[in-house]
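Please model the entire structure based on the sequences and the hints provided.
Take a look at the letters that make up each chain.
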Amino acid sequence: MRLGGDPVGRWGLSLLAVAGVLGVILAIHGWAGRGSGIVPVAAPGGTSSAGPSAVGASSGASATPSAHAATPAAPTASPSSSTGPLLSAQPYASYAFQVWPGTLSTAAKQALTGLTVSVRRQSAGLSVTAGVVGQASASPHVYQTGARVYVVEASMGDDSGNSDYNMGDDGLVVTDSAGRIVP
Amino acid sequence: MSPARGGPAGRPGRAGAGAAARAPAAAGADATSAADRAARLAAEWGPVAGRVLLALVLAWFGYHELVQPGLWTGYVPVLSSTSTLAVILVLAHGWVLLMVAVALGAGIAPRAAALLAAALLLEIVISLAVTGGLSDLTLRDVGVLGLAVCLTGISHQRLALRR
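Taken in order, these protein sequences are the chains called V and X. Going by the working numbering, the first residue of the first sequence is number 1, and it counts up by one from there. Going by the working numbering, the first residue of the second sequence is number 1, and it counts up by one from there.
Rather than coming from a laboratory, the hints here were simulated on the basis of the structure. Hints may be right or wrong, so weigh each one.
[Unchecked claim] Partner residues are not named here, just some residues of chain V that face chain X (Cβ under 7 Å, in silico):
hint	residue
1	Leu3
2	Pro7
3	Val8
4	Gly9
5	Trp11
6	Gly12
7	Leu15
8	Ala19
9	Gly23
10	Leu26
11	Gly30
12	Arg34
13	Asp169
[As the list claims (entries may be wrong)] To give an idea of the interface, some chain X residues facing chain V are shown, with a C-beta separation under 10 Å as derived from the structure:
hint	residue
14	Gln68
15	Val96
16	Leu97
17	Leu98
18	Ala103
19	Gly107
20	Ala109
21	Ala113
22	Gln157
23	Arg162
Glycine included, every Cβ here is placed at the ideal spot set by N, Cα and C.
As structure tokens, then:
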């Protein structure tokens, strides 16, 4: 058999068949795990659970600068106080870069590419606004004083200049002073 | 031009000078043949290196698209990154990348595999250019596309599985 002018024999076809089956198995694995992404994404309305959720799923950790952040969120009237699991225990912990407090690290600056994250100290607590560059920011969420804000970026390879080509691996996480994720 | 030609080695009656001159001439010839050998080696094995390295790139992306499709749905144009169809498309894309990577790596119909890789990369480049304009990411993929296009034209390759 010839393919594109090159001969393809039994060994070649067998190898391709094995690779094809392996690919299908990996795809089934990926399909089954599509609901357990490593990056947290918040619900547009701000109601969320603290655990990690699938990219684009309807639960997450906090106001998230994902593609869905453009959806207006209901303003939070009082500071969030309930806490969830430790950020350090989450699979995406190694991809979380601290935005507040303190000065931004180089990695955090790069992780913020394509996102607009604003943190302001208020009398009621910490006001956090997040959005995507070029899109309207969501309404601010207010957290208790002492909260820490992290940007999550699983892969920096999709950032170019001031654009983030793939928001699917981005997120924003707010923790309390003990490192527990605040919904 | 050969370094030996035009030297004083051929002059009559100057055996000593000729012998002295022959040594650098021979060294020059050796250098030329070494350069020729290196060029031949590069011509022979360069396509294999390019093929295997391109296969590594495609395999890496294919594997990750298959095991974590949710991280890649953001690249699917038009569709929402949260849609089921976007996940299915990413999985299909990852599967094709993996197959092309295996074909390139093993040298199974390498030109056809390179052509398919070029088509996939062209699609990626166009998609990136449309969504984000010309950027470092886009131009990097243009370079990889160039490698794939180069491989489509090389008919006789080493380490190709033809049986």
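Comparing the hints with the structure gives:
1. Leu3: 4 Å, holds
2. Pro7: 5 Å, holds
3. Val8: 5 Å, holds
4. Gly9: 4 Å, holds
5. Trp11: 5 Å, holds
6. Gly12: Constraint on V/Gly12 satisfied, holds at 4 Å.
7. Leu15: With Cβ-Cβ at 6 Å, under 7 Å, it holds.
8. Ala19: 4 Å, holds
9. Gly23: 4 Å, holds
10. Leu26: Constraint on V/Leu26 satisfied, holds at 4 Å.
11. Gly30: 5 Å, holds
12. Arg34: 5 Å, holds
13. Asp169: 5 Å, holds
14. Gln68: 6 Å, holds
15. Val96: 9 Å, holds
16. Leu97: 9 Å, holds
17. Leu98: Cβ of X/Leu98 sits 5 Å from chain V, so the hint holds.
18. Ala103: It holds, given that the least Cβ distance between X/Ala103 and chain V is near 6 Å, below 10 Å.
19. Gly107: 8 Å, holds
20. Ala109: 4 Å, holds
21. Ala113: Holds. Min distance 8 Å.
22. Gln157: The hint holds - X/Gln157 has a Cβ within 10 Å of chain V, the shortest such distance being about 9 Å.
23. Arg162: Holds, about 5 Å.
Violated hints for the displayed structure: none, as all numbered hints are satisfied.
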